[in-house]
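> Here's the letter readout for the chains.
4 protein chains.
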Amino acid sequence: MLKVGLLGAGRIGRVHAQAISAHPQSRLCAISDALPEAAANLADAHDSVARSSDEIIADPDIDAILIATPTDTHSDLIEAATRAGKAVLCEKPVDLDLQRAMACQANVAGQGQPVMIGFNRRFDPSFSAMKAAANAGEIGKIEMLSITSFDPAPPPVSYIKVSGGLFRDMMIHDFDMANYLMGDVPTVITAVGSSIVDPEIGDAGDVDTAVVTMTYADGRIAVIKNSRRAAYGYDQRIEMLGSKGLLQAQNVLENTVVKSTADGVVGAKPTYFFLERYMPAYQAEWAAFVEATLSGSDVPVTLEDGVAALAMAEAATRSAWSGGSVRMDEILKPVAK
Amino acid sequence: MLKVGLLGAGRIGRVHAQAISAHPQSRLCAISDALPEAAANLADAHDSVARSSDEIIADPDIDAILIATPTDTHSDLIEAATRAGKAVLCEKPVDLDLQRAMACQANVAGQGQPVMIGFNRRFDPSFSAMKAAANAGEIGKIEMLSITSFDPAPPPVSYIKVSGGLFRDMMIHDFDMANYLMGDVPTVITAVGSSIVDPEIGDAGDVDTAVVTMTYADGRIAVIKNSRRAAYGYDQRIEMLGSKGLLQAQNVLENTVVKSTADGVVGAKPTYFFLERYMPAYQAEWAAFVEATLSGSDVPVTLEDGVAALAMAEAATRSAWSGGSVRMDEILKPVAK
Amino acid sequence: MLKVGLLGAGRIGRVHAQAISAHPQSRLCAISDALPEAAANLADAHDSVARSSDEIIADPDIDAILIATPTDTHSDLIEAATRAGKAVLCEKPVDLDLQRAMACQANVAGQGQPVMIGFNRRFDPSFSAMKAAANAGEIGKIEMLSITSFDPAPPPVSYIKVSGGLFRDMMIHDFDMANYLMGDVPTVITAVGSSIVDPEIGDAGDVDTAVVTMTYADGRIAVIKNSRRAAYGYDQRIEMLGSKGLLQAQNVLENTVVKSTADGVVGAKPTYFFLERYMPAYQAEWAAFVEATLSGSDVPVTLEDGVAALAMAEAATRSAWSGGSVRMDEILKPVAK
Amino acid sequence: MLKVGLLGAGRIGRVHAQAISAHPQSRLCAISDALPEAAANLADAHDSVARSSDEIIADPDIDAILIATPTDTHSDLIEAATRAGKAVLCEKPVDLDLQRAMACQANVAGQGQPVMIGFNRRFDPSFSAMKAAANAGEIGKIEMLSITSFDPAPPPVSYIKVSGGLFRDMMIHDFDMANYLMGDVPTVITAVGSSIVDPEIGDAGDVDTAVVTMTYADGRIAVIKNSRRAAYGYDQRIEMLGSKGLLQAQNVLENTVVKSTADGVVGAKPTYFFLERYMPAYQAEWAAFVEATLSGSDVPVTLEDGVAALAMAEAATRSAWSGGSVRMDEILKPVAK
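If you read the protein sequences in the order shown, they are chains A, B, C and D. First residue of the first sequence: 38, per my numbering; consecutive thereafter. First residue of the second sequence: 38, per my numbering; consecutive thereafter. First residue of the third sequence: 38, per my numbering; consecutive thereafter. First residue of the fourth sequence: 38, per my numbering; consecutive thereafter.
Careful, some of the hints might be misleading.
[To be verified] According to the in silico footprint, chain A covers these stretches of chain C (three or more CB under 8 Å from chain A):
1) 161-171
2) 274-285
3) 294-300
[Stated by the list, open to error] BS3-like mimics (lysine-lysine), calculated; alpha carbons at most 30 Å apart, straight line:
4) A:Lys40 with A:Lys198
5) C:Lys40 with A:Lys40
6) D:Lys40 with A:Lys198
7) B:Lys370 with B:Lys198
8) B:Lys198 with C:Lys198
9) D:Lys40 with D:Lys178
10) A:Lys198 with D:Lys178
11) D:Lys370 with D:Lys198
12) A:Lys178 with D:Lys198
13) C:Lys370 with B:Lys198
14) A:Lys40 with A:Lys178
15) B:Lys281 with C:Lys198
16) B:Lys370 with A:Lys281
17) C:Lys281 with C:Lys178
18) B:Lys178 with B:Lys40
19) B:Lys178 with C:Lys198
20) C:Lys281 with D:Lys281
21) C:Lys198 with C:Lys40
22) B:Lys40 with D:Lys198
23) A:Lys281 with D:Lys281
What the hints contain is simulated information worked out from the structure, not anything from laboratory work. We treat Cβ as the ideally placed atom computed from N, Cα and C, and that holds for glycine.
Work the whole structure out from these sequences, hints included.
Printed below as a string of structure tokens:
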């Protein structure tokens with residue numbers, strides 16, 4: 038039985054609380070939040086208790102910490118929790134600042150505690166089935182990857198301003214998915230973006246629509262398309278072209294009802310957003326963390342994976358604003374002493 | 038080169054005229070119609086000439102006769118044309134009267150001329166691909182057949198009154214399709230029907246909605262659903278269940294465009310009616326007739342096939358009005374002398 | 038909080054145990070089974086206790102009884118539990134014997150306790166969305182219903198022998214679905230069946246493949262197709278034709294991955310069987326029972342619904358073996374004193 | 038009646054010959070080819086005559102010239118034909134050399150003869166339905182365009198060497214499609230490519246896999262994906278994202294048969310290549326040319342359109358080999374005197 042402390046009782050914290058409670062081998066022992074009432078309410082709903090983050094991390098009875106706090110606290114909490122001997126599952130991204138994330142990675146390296154980053158989409162049943170099929174050689178040698186990833190509606194501009202920008206906040210999921218499916222990081226990244234959905238997003242210094250092209254050392258190519266708005270719901274599709282065929286992961290629909298009338302043949306929309314689409318993935322992610330932690334095996338998504346995706350977001354950001362391609366080895370070169 | 042006389046310049050006659058003209062090995066030499074102007078107009082459009090049916094049948098330069106006249110003339114014209122040594126392609130049904138059709142079959146039997154019945158759907162690319170897959174054993178032993186066949190809108194009640202009724206006029210295509218796909222005629226037929234689309238159709242003594250169940254000597258079962266009205270277009274689908282799987286022939290759509298909005302995911306409707314859906318089938322049907330006639334091989338749809346489908350229509354009609362099942366051997370027993 | 042006793046710890050009992058445990062407003066207080074070890078094991082997994090059925094029914098602290106025992110015990114247990122003042126959710130069918138089920142209905146009528154029958158498919162998200170769309174008039178006036186319901190593989194012949202036959206054991210779900218979607222029971226039922234999947238099923242006195250046609254007082258028609266074997270998984274599809282269009286509920290697939298190669302375009306199969314397909318429906322069914330019981334409102338599926346479906350199974354069985362149509366009013370006429 | 042001379046009796050010439058013959062308002066009067074036998078054979082099949090290109094262009098009885106000769110002859114033949122007062126339909130691309138194409142455009146400008154470029158895909162029923170829906174505002178303001186365009190198999194390397202490269206030979210269709218659907222040319226083009234399908238294509242100085250990103254003055258973004266190999270057939274799909282939704286044009290399949298077995302649910306592949314997929318488009322293209330020429334209205338695809346697509350191919354080629362973005366205004370600046 039894994040005794041778990043949850044840091045953060047916001048929307049994503051509540052998703053994790055449910056997964057922790059429902060898993061037969063984990064127990065939600067304590068919850069913290071900057072808003073004590075939020076922690077208390079969530080603790081109530083799960084027969085748990087509200088405590089401070091410091092207390093939770095210091096409690097020798099807690100085995101694992103789930104970090105679901107604001108991004109700018111992630112690195113510090115990862116370091117504190119691993120120093121205290123805890124296993125950690127931390128929400129993405131590791132940090133908005135690549136240098137800080139790389140330092141965190143270096144600091145944690147010596148602690149020997151498992152740190153898993155919450156790239157939940159790796160645990161989506163269709164995406165993992167796609168990876169299994171690709172790995173099994175069902176479409177031969179992979180040549181091209183294409184990810185379509187559109188949110189249903191843009192967040193408030195106030196959020197945009199502190200989000201780190203589309204590439205670090207939203208596309209980071211797709212960068213990790215590319216690394217997961219391609220089994221490698223790209224060598225060159227080229228990004229274009231615009232604020233065609235909402236000019237205020239542009240005024241806030243961000244883009245809301247972007248296409249990123251990535252090339253790999255062996256000649257493979259990946260392309261990621263992001264938009265902050267898809268009026269029809271959460272559009273999450275992936276295609277892989279190989280020497281023997283194509284794999285596609287299509288959208289998950291609200292139901293299977295199709296209506297044919299004089300106006301056309303109408304099917305259900307994709308599920309509305311990530312809570313609807315990825316709930317099974319959050320559960321499978323948690324199960325994978327519990328399994329790895331209890332068995333002592335490697336976690337399936339590492340802090341290094343988190344840093345790699347962040348570095349790609351950094352490269353894409355630079356490319357979009359400079360208009361040129363960016364080499365990943367320029368981004369990932371060691372911090373000057 | 039097959040020299041062809043076309044009897045009938047109505048809607049279906051015009052379809053055939055086009056197929057005859059377009060085929061590199063057939064020439065449309067003459068056209069007749071009860072309305073001389075119709076024949077003349079169609080002849081003009083195809084560099085052909087308008088003549089009387091008698092003249093066309095009597096012309097030794099004509100090799101083949103395509104009969105696209107009203108149903109009550111079919112048997113007489115088939116007999117006249119074969120007596121004159123012509124190959125014949127006759128539109129379905131052979132006759133509305135089963136006894137007359139059986140007599141026609143007997144009369145023609147001795148002439149040695151090929152007579153093909155225009156069950157065009159056998160030549161639909163999807164239905165013939167389905168039959169090929171079933172024959173190749175791709176779904177194992179066939180156990181159940183299900184045909185959905187809905188017209189977009191009912192014909193005028195004036196037409197209904199002379200049509201012979203839904204089973205002889207509309208479902209006859211599906212009876213033939215069942216014979217084609219199952220490779221056998223059923224032993225027992227049970228029909229239910231109602232005039233729920235339009236009570237005036239009921240007042241005219243017919244049904245507009247019907248389901249027919251058929252059982253075969255070896256235990257297979259087939260079901261045919263007909264409706265005179267599908268607001269979304271021509272619904273023409275077939276399913277075959279076998280010991281190893283299912284084959285489905287889905288509808289042909291107007292185009293491949295799909296629109297996703299807040300209202301749902303909307304695809305194109307099925308093509309509107311038989312002219313749109315089955316034009317390639319009419320062309321393939323004509324090509325098969327030309328090929329068989331010029332090569333001297335058997336025509337792929339025989340007069341016997343036409344009589345069998347008509348007998349099934351007769352059985353279904355009796356069943357729907359009596360409320361009980363009807364054995365096919367009662368329908369097909371020899372005419373008493 | 039609803040305190041629940043579960044009678045029966047077999048496959049379907051375990052499904053219900055999970056739904057009861059997971060629901061925030063119900064508690065699984067006790068479990069019984071003819072095999073005490075089965076009850077004990079399931080109780081262990083759910084922090085519950087194993088007791089006898091008699092004890093559970095007699096316990097004044099238990100509010101509701103979920104009956105998941107063999108069919109031949111259902112009527113007795115429903116009567117005992119309602120006499121003891123419990124709310125009841127009983128698995129389908131009410132009984133294999135229609136007269137016994139009708140007597141049970143009469144006996145229970147005076148008790149005033151809610152009795153709900155477990156027709157879980159009514160709670161399938163796609164089927165309930167379909168009903169909502171039909172009720173909202175989205176396809177106009179309903180004219181025809183078509184249900185395809187194939188199991189992935191036949192049960193052992195030993196099970197077949199005690200099952201009551203395909204119509205009472207398997208198609209009963211589809212009869213209830215027809216009643217649910219059509220909002221009425223049919224007036225006449227005609228069934229055909231054969232044992233083409235497995236002759237041993239025929240030797241055991243049952244069919245494995247069947248088609249039932251039902252007509253309604255207002256002219257509507259319904260058709261149900263059943264097969265004990267679909268090599269590709271659980272095939273559960275429904276179509277409703279109306280004056281303005283068609284509603285289809287399609288299969289739920291294992292995932293959304295599609296693979297295109299030189300061999301074709303391959304998508305995932307339907308989910309394998311009812312546990313995979315209908316788990317959300319079992320949860321929604323339980324939630325509906327809890328809601329109705331705690332609020333005092335009517336249960337959404339009544340004992341009368343259970344008797345009606347059983348009566349249709351009776352009619353279909355008679356029709357299949359007699360070869361003729363059966364009127365529902367002959368089946369449902371009051372038991373002679 | 039439009040009297041037409043066809044220059045070129047190769048594969049694409051034969052496609053056009055068929056369209057010209059089948060159209061009721063055009064007549065195929067003469068055919069030329071560098072191989073006299075090819076011209077003679079094609080002329081035989083269409084009741085036409087074989088002549089030299091010079092004779093055909095000089096013949097005052099010929100109204101229109103269809104140029105289906107090798108690309109390096111296009112500019113000269115366009116100029117000669119328009120000088121001789123003929124209407125011209127010329128296959129794509131106008132030329133492999135952008136400067137020569139621009140000079141041709143300038144030379145032809147004064148002649149007053151209609152010159153249409155054969156971007157047949159504009160006449161594909163699904164793509165034109167998509168454009169109509171976009172123009173009608175059905176998905177609001179357009180924000181992103183995505184074109185997937187994969188050939189079934191690469192051509193011989195000998196062809197690759199004289200083709201002008203993937204961007205001029207293959208992607209030129211997609212550049213024109215982007216211009217057609219977006220109603221504008223982009224301002225900046227960025228291309229990446231590799232020869233991952235076949236290293237010999239790389240040795241020949243070309244790529245076989247490429248992704249091109251294009252940005253527009255108003256912030257819209259387009260992305261084009263090309264591969265010389267899709268083992269499953271011709272993959273021709275387009276998506277447009279707008280403020281109110283998404284439009285997708287999906288592949289045209291060989292038939293509508295779907296087979297479900299224990300191995301999955303298998304549908305037909307896309308049609309194999311352009312002849313199968315775009316035959317209706319070639320016919321509609323020819324009909325549009327005939328209609329424009331006979332009525333004196335503007336041709337729907339102009340020489341300017343041909344030059345624009347070629348300029349985009351030029352930009353993409355430069356970008357792919359330089360690794361940087363290329364501005365379209367650098368490509369299109371006037372030729373220095």
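> Are the Cα positions of Lys198 of chain A and Lys178 of chain D separated by 30 Å at most?
holds (25 Å)
> CA of Lys178 of chain A to CA of Lys198 of chain D, is that 30 Å or under?
holds (25 Å)
> Tell me whether the statement that chain A covers the region 294-300 of chain C is true, taking a Cβ distance below 8 Å and needing three residues at minimum.
It holds: at least three residues are needed, and the region 294-300 of chain C offers 6 whose Cβ sits within less than 8 Å of chain A.
> Check the hint pairing Lys281 of chain C with Lys281 of chain D against an upper bound of 30 Å on the C-alpha distance.
holds (26 Å)
> Please work out if Lys40 of chain C and Lys40 of chain A have their alpha carbons no farther apart than 30 Å.
Answer holds: Lys40 of chain C to Lys40 of chain A is near 29 Å, not above 30 Å.
> Checking one constraint from the list: CA of Lys40 of chain D to CA of Lys178 of chain D, max 30 Å. Satisfied?
Between Lys40 of chain D and Lys178 of chain D the Cα gap is close to 43 Å, so the pair fails against 30 Å, i.e. violated.
> Would you check chain A against the region 161-171 of chain C, counting CB to CB pairs closer than 8 Å, and say if three or more residues qualify?
Coverage by chain A holds here, the residue count being 5 at a Cβ distance below 8 Å.
> When you check the alpha-carbon spacing of Lys178 of chain B and Lys40 of chain B, does it fall within 30 Å?
violated (43 Å)
> Between Lys281 of chain C and Lys178 of chain C, does the CA-CA distance stay at or below 30 Å?
holds (7 Å)
> Does Lys281 of chain A pair with Lys281 of chain D here, judged by a C-alpha cut-off of 30 Å?
With Cα atoms ~36 Å apart, Lys281 of chain A and Lys281 of chain D exceed 30 Å; violated.
> Run the distance test for Lys370 of chain B versus Lys198 of chain B: straight-line Cα separation, threshold 30 Å.
It holds: about 28 Å lies between the C-alpha atoms, which stays within 30 Å.
> Given the hint that Lys198 of chain C pairs with Lys40 of chain C, test it: the Cα-Cα distance must not exceed 30 Å.
Roughly 36 Å separates the two Cα atoms, so the pair is violated.
Taken one by one, the earlier hints fail for this structure at numbers 4, 6, 8, 9, 13, 14, 16, 18, 21, 22, 23, listed in ascending order.
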